[in-house]
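Peer 1: I would like the entire structure built from these sequences, with the hints used as guidance.
In order, the protein sequences belong to chains C and G.
Residues in the first sequence are numbered from 0 upward in steps of one, following numbering that gives the first Met the number 0.
Residues in the second sequence are numbered from 0 upward in steps of one, following numbering that gives the first Met the number 0.
Rather than coming from a laboratory, the hints here were simulated on the basis of the structure.
Treat the hints with caution; some may be incorrect.
Claimed, not checked - Ranges of calculated distance between the beta carbons of each label pair, as one might list FRET restraints:
| hint | chain 1 | residue 1 | chain 2 | residue 2 | range |
| --- | --- | --- | --- | --- | --- |
| 1 | G | Tyr-110 | C | Phe-142 | 23 to 33 Å |
| 2 | G | Asp-24 | C | Gly-210 | 30 to 40 Å |
| 3 | G | Asp-168 | C | Asp-214 | 22 to 32 Å |
| 4 | C | Lys-209 | G | Glu-181 | 31 to 41 Å |
| 5 | C | Ala-243 | G | Leu-114 | 51 to 61 Å |
| 6 | C | Val-224 | G | Leu-114 | 13 to 23 Å |
| 7 | C | Gly-210 | G | Asp-168 | 21 to 31 Å |
| 8 | G | Leu-241 | C | Gly-210 | 31 to 41 Å |
| 9 | C | Asp-179 | G | Gln-108 | 48 to 58 Å |
Each residue gets a CB set at the ideal place from its N, CA and C atoms; glycine is no exception.
Below are the chains, spelled out letter by letter.
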Amino acid sequence: MIRQLGSFVLLMIQAFKRPDKGSVFRKQLMYEFQSLGLESMGIVLFVSAFTGGIAALQTAYNIDNPLIPLYLVGFATRQSIVLMFSPTIISLILAGKVGSRIASEIGTMRVTEQIDALKIMGINPANYLILPKITAAMIINPFLIIFSVFISLLGGYVACAVSGIVTLSDYITGLRYEFDPFTITYALIKTVVFAFIVTAVSGFYGYQTKGGALDVGDSSTKAVVYSSMLIILFDLIITQLLLA
Amino acid sequence: MIEARNISKSFGDHNVLKDVSVSFDRGQTNLIIGQSGSGKTVLMKCLIGLYQADKGQIIYDDRVFSEISEQEQMTIRKEVGMLFQGGALFDSKNVEENVMFPLSMFTDQSYEEKLERVNFCLNRVNLENANKLFPSELSGGMIKRVAIARAISMNPKYLFCDEPNSGLDPRTSGVIDNLIKEITEEYQITTIVNTHDMNSVLEIGEKIAFIHQGNLWWTGNKEDVLKSDNEELNDFIFASELTRRLKK
Ligand SMILES: Nc1ncnc2c1ncn2[C@@H]1O[C@H](COP(=O)(O)OP(=O)(O)O)[C@@H](O)[C@H]1O
Ligand SMILES: [Mg+2]
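Peer 2: Here it is in structure tokens:
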């Protein structure tokens, strides 16, 4: 465990060196924006729209006390989306999608000696392979999360409209009720930290792969499991630090 | 010339290389031969610096690798090309991008200049009209050719080939072997080839080092190799029916 942590730190030191060539790095970054960002929009859209609807309906159906105003549905939906659902759950989903992709890509390069090929050319493979992914995710994920927040709230709106259980003006009033902009900051800080966790941890497990195709599968599983666990752990830590 | 002096390398308590001293000449195809598992790849990776030897020195034309600055080590790296056992082409890049890759990383040439060099190298390995194909679309022999083209794109002084024939049919093997030999002579490269293929040994073995259980067991050339009375070498060479008949 300590040994793993040591290798992880060493790998990150290698990864966070200045790229050999700026123009190549920028090109890779563009590519990663697309493969880690744009290509995740579909799943983010799908999950967010439905979850927003579910959150609104659940809250609405659980209010049976006539003293509680119905605009609370909008309020509760907003709070749960911004504080927990978008930054944490979406990051967990991305850990599954992006993490397994990164680990299997780098793991395959390891077992087919592509990483050795980079090394003997005089290229720092950790820097070349991992840094663009970490950088791209830390930049693009906040946009994905903001996108997710909007889509979720929209999902809640549609659910209210279709079910008719809460009026739309109540829902909107709720969305605006006691809005604290810091919750957005908090969500974005979490997102950036989680983006680092997913890409760095998955890059690490990919890079550590030894053996053949089966071991690549193994690394990719480990990448998803450990980055998910770390996301939850750091969620607790960040929440305690920022909201206490 | 590349020289290994007293190289030892262990993994855990498995002593893979035992005090190996051997030298490889310029403008020649130098062969490292031996059974699977005898330590050929490990020796090559020590020579090239992918593994750190536990003991001993590697010398590239009077430059002792472990004693020079990191800067000078980088210079040597850029003089080295390597052909990996499976080709190790980057599978997210097409043929042209693979061969161009070292040029893009280490030169400031324009795209046209790089393309000219790429086409020259691909031409040299007799591979035309394959620029836009991806590694998954290539045959085994084509992969090796692209890998050779990539290895020579930077005009290397030193060329390492790990089992260049593995997975190829005898005819294609011969083509690849001869390509390596021609390029070596043409550009006066110090070439080292790992192989357990007797055809290669007899075809291109100008200087041969036989590794047995991690020891340097015998050295010579392709004429000596058939006449030697070294028992382990004979076991290795005359392991197949074909070579036994050849001996008679
Ligand atoms: N990275 C490694 N870790 C542990 N053992 C290794 C490693 N690489 C090679 N070996 C062992 O060293 C021995 C020689 O391997 P190798 O040099 O690949 O043989 P070959 O002559 O077939 O190329 C084998 O027994 C192999 O198991
Ligand atoms: Mg080998």
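Peer 1: A separate judgement is required for each hint: does it hold in the structure or not?
Peer 2: Hint by hint, here is what the structure shows:
1. Between G/Tyr-110 and C/Phe-142 the beta carbon distance is about 32 Å. The supplied range of 23 to 33 Å therefore holds.
2. Hint check: G/Asp-24 to C/Gly-210, Cβ distance near 36 Å, so the stated range 30 to 40 Å holds.
3. For G/Asp-168 paired with C/Asp-214, a C-beta distance near 29 Å keeps the hint of 22 to 32 Å intact.
4. A hinted range of 31 to 41 Å holds for the C-beta pair C/Lys-209 and G/Glu-181, which are about 36 Å apart.
5. Checked against the given bound of 51 to 61 Å, the beta carbons of C/Ala-243 and G/Leu-114, roughly 59 Å apart, stay inside it.
6. The hinted window of 13 to 23 Å between C/Val-224 and G/Leu-114 is violated, with their beta carbons roughly 45 Å apart.
7. A hinted range of 21 to 31 Å holds for the C-beta pair C/Gly-210 and G/Asp-168, which are about 28 Å apart.
8. In this structure, G/Leu-241 and C/Gly-210 meet the distance hint of 31 to 41 Å, their C-beta atoms being roughly 34 Å apart.
9. Under the hint 48 to 58 Å, the C-beta atoms of C/Asp-179 and G/Gln-108, about 55 Å apart, fit the expected range.
The structure shown violates just one earlier hint, number 6.
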